[in-house]
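Chemist: Generate coordinates for the entire structure from the input sequences, incorporating the hints supplied.
Number of protein chains: 2
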Amino acid sequence: MKAKLSDIARLAGVSKSTASRALRNSSLVKDETKKLVLETAKMLNYKPNSLARAMATKRTKIIGFLMYKKNKPYVSHTFFGPILDGAIEEAAKRDYHIIVAATNDMADTFNKHFIQDSIDGALLVSLHPEEVIKEFDRRGIPLVVINNSMKSRNNAFIEDDNYGGACAVMEHLIRDRGHTRIAHITENRDHPSYRVRYKAFLDMHAKYGIPVFDGVVLADSAASFEDGYNAMKDLLLRKTLPTAVFAATDVLAIGAMHAIKDAGLRIPDDIAIAGYDDISAAFMVDPPLTTVRVDREQIGKAAIIELMKQIEDPEKPSRVVTISNELVIRAST
Amino acid sequence: MKAKLSDIARLAGVSKSTASRALRNSSLVKDETKKLVLETAKMLNYKPNSLARAMATKRTKIIGFLMYKKNKPYVSHTFFGPILDGAIEEAAKRDYHIIVAATNDMADTFNKHFIQDSIDGALLVSLHPEEVIKEFDRRGIPLVVINNSMKSRNNAFIEDDNYGGACAVMEHLIRDRGHTRIAHITENRDHPSYRVRYKAFLDMHAKYGIPVFDGVVLADSAASFEDGYNAMKDLLLRKTLPTAVFAATDVLAIGAMHAIKDAGLRIPDDIAIAGYDDISAAFMVDPPLTTVRVDREQIGKAAIIELMKQIEDPEKPSRVVTISNELVIRAST
DNA sequence: TTGTATGCGTTATCAT
DNA sequence: ATGATAACGCATACAA
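Line by line, the protein sequences give chains S and X. Using our numbering, the letters of the first sequence correspond one by one to residues 1 to 333. Using our numbering, the letters of the second sequence correspond one by one to residues 1001 to 1333.
In short, the hints are calculated from the structure, not lab data. Check each hint, because a few of them may be wrong.
[As the list claims (entries may be wrong)] Subject to a maximum C-alpha distance of 35 Å in a straight line, what follows is the list of computed DSBU-like cross-link-like pairs (lysine-lysine):
(1) S:K2 x X:K1112
(2) S:K112 x X:K1093
(3) X:K1042 x S:K69
(4) X:K1058 x X:K1004
(5) X:K1034 x X:K1047
(6) X:K1069 x X:K1309
(7) S:K61 x X:K1042
(8) X:K1261 x S:K233
(9) X:K1058 x X:K1034
[Unchecked claim] Quick look at which bits of chain S chain X covers, simulated, 3 or more residues with Cβ under 8 Å:
(10) 38 to 50
(11) 55 to 62
(12) 73 to 79
(13) 92 to 100
(14) 280 to 288
Note that beta-carbon positions come from the ideal geometry of N, C-alpha and C, so glycine has one too.
Modeler: Put into structure tokens, the structure is as follows:
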């Protein structure tokens, strides 16, 4: 039988309240009594029941990791997995647990029974609609929103420096490598991250006084390997070919690499190519891909740190944390 | 203010007990009363408090996804992520939630407060030591163990068909492609999965009457890209070269591919190569890699299904579920 | 410094 | 078919 507080109290000859206080090291308890209670607890291998404690304190020490997504991949998504890893690690340090859930429906999000009333806070990844964020706000649930441009009052926002990363790629292509005809393969530009990368693409042309090459290709919103392949095939039909390609994601870039090779062209001699994300495949392809490393684990850690601040002081104003990126130059450029 | 059961009861003019029963559609409640209660509940947007319910029923509807790992990657591991995805999806169908945790310490595993007493069951992935499994058993916590050869009384075990998958690779190399000098690059063979793949490697030689080529190379237990690269470099120093390589994982295989190319040899003309796992990079490398596709999501789903059976009937005997694999032939062989 | 009594929001037991 | 009350295991306001 599992020992409970009343067992400890009885054996130690004190009241439940005293036992409870002693176990949480309250200064109200005499050292001697404290010691006695602690020893008794250890003897019985006592562990407080977390449900009961949560009931009494209104704190579960659970946080929700919520992905707004209809289909898989959920955590095996190249972006979300490492974020969750960082969050798990950082949360564990504070004795917090993480519940993972995926929904793509607002009502559903809040009907999930444990999210309903049993999380101390939430991490929102992927593009949750604004109403969801508002609803968390309304319910007073501490919230950290990751890579989403929407702001609201009492949340923290974590984002990586998309603009800076994309600028670094462009400056590398233009300044270090001297390219002047640069194509851009991107996903649906409605997504804030891709929109920002695209803006950097344009801005760097302006900064260096280079006319924008007529080679911006939109892949399907899936942004799959095939999308990258097909986009590049299109580009290769142009009268004037680009000398470099900046793809908005590594997957698109790698698809494009295959198209370039299939056309009998060499990378980077004929066409250089750079991606974005530094997925694990990036250094496994041939040639290894120049890309922007986004420290996703750091995003997850920062998110937990900010969430903890919110939980401790819900009145604190909203904060934006930007995680810096790193240009990783490999043989593809 | 959130409505609670007593609010519903008061407004509907019934007792808490009746309200509680009506909400759970008990046959003890008159239809008329039931309707009244339900309407009141809907009006107040009532949602039962899951903590209180869990307290009373001794069921949290939470299951633990436990990884026995000291360091990251946790869920971003190519193997664990998709398993978790499958588990999330399957659990959601049943209104179950998943808490993810990583530990590499037995005491720690059971001290995590929410695992302690607030999960209805657990999924164990990666190599948890036998004592951990025993301890779950002792505590009577329903358990499903994934890809671990250890058996115990009342658990289910899910594993993919490592032996069958590895045999398929070998038969492809031997029978379809006529190779007779096949090297094997593997990880630490103490790991059950790798041991089984190695056994298949040997068995298929026996089956086809081929002497085993002197080219079994053990990578470091990290089984990284570099390990694969270095293992292949070693192989390339031999007097007699293999005509094919079976690597125990795709990552090792891809590392080896780079070594082969660096040596100026062609794949598959000079040396063919096959991997195992079908990681996302497998079809992105050049040439695309022949490998064994392990349906990891299916493993996660099957694990939840088996766990639910255990939760519903803890007396049910242990079961072993084997998920079949698929040989994916690409241009590397 | 310690103890008593009450609350947290349900479900379960036992009456009626 | 319904209601009163206990129980779940802990924390805390109040009393002593």
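Chemist: With reference to the structure, classify each hint as holding or not holding.
Modeler: Status of each hint after checking the structure:
no.	hint	in the structure
1	S:K2 x X:K1112	holds (16 Å)
2	S:K112 x X:K1093	holds (11 Å)
3	X:K1042 x S:K69	holds (27 Å)
4	X:K1058 x X:K1004	holds (20 Å)
5	X:K1034 x X:K1047	holds (16 Å)
6	X:K1069 x X:K1309	holds (27 Å)
7	S:K61 x X:K1042	holds (29 Å)
8	X:K1261 x S:K233	holds (26 Å)
9	X:K1058 x X:K1034	holds (25 Å)
10	38 to 50	holds (count 4)
11	55 to 62	holds (count 4)
12	73 to 79	holds (count 5)
13	92 to 100	holds (count 6)
14	280 to 288	holds (count 6)
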